[in-house]
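We have chain A already, so just place chain B on it with the hints.
2 protein chains.
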Amino acid sequence: MTVTVDFIYDFGSPNAYLCHKVIPDIEARTGVSFNYIPCLLGGIFKATGNMAPAFAFAKIKGKLDYDRIEIDRFVKTHGLTDYRFNNHFPVQTLLMMRAAVAAQMAGQHDAYIEAGMRAMWEEGLKMDDPQVFAQAMTDAGLDGEALLARSQAPEVKAQLVANTAAAVERRVFGIPSFFVGSELFFGKERLGQVEDEIRAQLAAT
Amino acid sequence: MTVTVDFIYDFGSPNAYLCHKVIPDIEARTGVSFNYIPCLLGGIFKATGNMAPAFAFAKIKGKLDYDRIEIDRFVKTHGLTDYRFNNHFPVQTLLMMRAAVAAQMAGQHDAYIEAGMRAMWEEGLKMDDPQVFAQAMTDAGLDGEALLARSQAPEVKAQLVANTAAAVERRVFGIPSFFVGSELFFGKERLGQVEDEIRAQLAAT
Numbered sequence: 001m002t003v004t005v006d007f008i009y010d011f012g013s014p015n016a017y018l019c020h021k022v023i024p025d026i027e028a029r030t031g032v033s034f035n036y037i038p039c040l041l042g043g044i045f046k047a048t049g050n051m052a053p054a055f056a057f058a059k060i061k062g063k064l065d066y067d068r069i070e071i072d073r074f075v076k077t078h079g080l081t082d083y084r085f086n087n088h089f090p091v092q093t094l095l096m097m098r099a100a101v102a103a104q105m106a107g108q109h110d111a112y113i114e115a116g117m118r119a120m121w122e123e124g125l126k127m128d129d130p131q132v133f134a135q136a137m138t139d140a141g142l143d144g145e146a147l148l149a150r151s152q153a154p155e156v157k158a159q160l161v162a163n164t165a166a167a168v169e170r171r172v173f174g175i176p177s178f179f180v181g182s183e184l185f186f187g188k189e190r191l192g193q194v195e196d197e198i199r200a201q202l203a204a205t
Numbered sequence: 001m002t003v004t005v006d007f008i009y010d011f012g013s014p015n016a017y018l019c020h021k022v023i024p025d026i027e028a029r030t031g032v033s034f035n036y037i038p039c040l041l042g043g044i045f046k047a048t049g050n051m052a053p054a055f056a057f058a059k060i061k062g063k064l065d066y067d068r069i070e071i072d073r074f075v076k077t078h079g080l081t082d083y084r085f086n087n088h089f090p091v092q093t094l095l096m097m098r099a100a101v102a103a104q105m106a107g108q109h110d111a112y113i114e115a116g117m118r119a120m121w122e123e124g125l126k127m128d129d130p131q132v133f134a135q136a137m138t139d140a141g142l143d144g145e146a147l148l149a150r151s152q153a154p155e156v157k158a159q160l161v162a163n164t165a166a167a168v169e170r171r172v173f174g175i176p177s178f179f180v181g182s183e184l185f186f187g188k189e190r191l192g193q194v195e196d197e198i199r200a201q202l203a204a205t
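Just so you know, the protein sequences line up as chains A and B, in that order. So for the first sequence, the numbering used here puts the first residue at 1; every next one is plus one. So for the second sequence, the numbering used here puts the first residue at 1; every next one is plus one.
Just chain A, with the same shape it has in the complex:
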C-alpha cells in the first residue's frame, strides 16, 4: 500500500501558487508525489456557498491586511522572490482550468501547471483573455492554440465539472486543499500538517 496525496488546485488562488512552489520540497523529503487535480474554484464556491477571501473579508477591518502579511511571510520563509500579485485579480479561470484538464489528457499536465502558475503569479498576465492565454502557453513551449481549442471539447468541460463535483463531495470548500489518503487539509498554513500526515501514513503502511 502506498500513500496518496491529492492537491485540489485552481490557478486563481495565490495561495495555490505558493503551495505549488513548496510542494517539490515536501515531495523530495517524503518521496511521495502530489497528484494535482484541476478544479474550478468558482464552482466550489457556488456549490458550498463560499466566496473568495478578497470579497468575504473585505469589510473586516485588518483581516485582508493580515492575510497579505502572511503571504509576505510565506514568500520570505521559502525565498519565493518571483511571486507578484496579479493586478488583473480576480482572473476568471474557467479557460485555464478547462485547458488544464486538456493538458492532463494530453500527458502535458506538469508543464502546463508550471506555465500557468508562472503566467498568473510571476508574470501577472490576464489569463482569462484567450489571446493572452494562447500566447503565454506557446511562449512556455506548449501549443497555445491547440489548448485553446481543446478547452472547448465537451469531454474536457465535463471532466472539469466532474473533478469539481468530486472535490465538493469530498468536503472541499476552498483552495488550496489537500487530501492525504482521506484526510482533508485546507490552506497553506497546513502544509506542515500535510507533511506530518504523509509521514504518519508512510509509517503505518
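Some hints here could point you the wrong way.
Any copy, or any two copies together, can satisfy a pair, since identical chains are not distinguished.
Stated by the list, open to error - Derived DSSO-like pairs (lysine-lysine); straight-line CA-CA distance at most 27 angstroms:
| no. | residue 1 | residue 2 |
| --- | --- | --- |
| 1 | K157 | K61 |
| 2 | K126 | K157 |
| 3 | K46 | K157 |
| 4 | K21 | K126 |
| 5 | K63 | K21 |
| 6 | K61 | K46 |
| 7 | K126 | K76 |
| 8 | K63 | K46 |
| 9 | K46 | K59 |
Since the hints were made in silico from the structure, they are not lab data. Computed from a predicted structure; not experimentally measured.
Below, chain B without anything else, positioned relative to chain A:
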C-alpha cells in the same frame, strides 16, 4: 533588550483555550513568558465588522465541519483530553473578561485564567450566569463574590474597554491573536510561527 509576547485572549474562544494549553510548552522551550491581555472578543468583532466563525461560516458547506476536524487534530496532537465543547456556546463573556481585569489588578490573573479556561472548556459551565461564575471561581480557590463585585467597578470596566481598543488599534480582528514584539499572528495554526519568531527575535537581541 528582551522579547515581548502578548496573547490577546477571551474565554469565549475555544481556540484560545487550546492555545492556552500549549503555551506553557512554548514558554519552557524558549524561556519567554506570554503576557495574557484580557480583551472582549465581542468588542473586537464590533469594532472590525467581524463575527464568530460559528456564525460567519454557518452557511458554507463543509467549513465548520473542517474547523471541528482541526480542533480534534489539535486536541489529539497535544493530548488535550480534558477539552469539551461548551454546550452553552456562545457564552457571553463580558462578566468573565471584566473579572479577568479585576483579577489582574489584584495580582491573581494566572489563577483566574486557569479557573476560567477550565470552567468554560473542560467543565462546560454557563459562565455568563453570575451565580455559576461566582461558584466556579470559589470552587477554584478564588473569591467568586468579590470578583463578581469588582467586575462592576468603573475602573475595571474602563480597563477592559481600553485593552480591547488597544488590540484593535494594533490590527487585531479576532482571537486567539499574538504579538511577538510588533509582529501579529492570528489563530492556533500560527503557534509554530509564533515560536519561530520568538527564537528569531531572541537571536537578534
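Each hint, compared with the structure:
1. K157 with K61: between (39 angstroms within a copy, 24 angstroms between copies)
2. K126 with K157: within (21 angstroms within a copy, 53 angstroms between copies)
3. K46 with K157: within (17 angstroms within a copy, 44 angstroms between copies)
4. K21 with K126: within (21 angstroms within a copy, 47 angstroms between copies)
5. K63 with K21: both (24 angstroms within a copy, 25 angstroms between copies)
6. K61 with K46: Classified as both: same-chain Cα gap 25 angstroms, cross-chain 10 angstroms, threshold 27 angstroms.
7. K126 with K76: So K126 and K76 pass the 27 angstroms test inside one copy only (25 angstroms; across, 44 angstroms).
8. K63 with K46: Answer is both; intra-copy 23 angstroms and inter-copy 14 angstroms each pass.
9. K46 with K59: Close inside one copy (21 angstroms) and across copies (12 angstroms); limit 27 angstroms.
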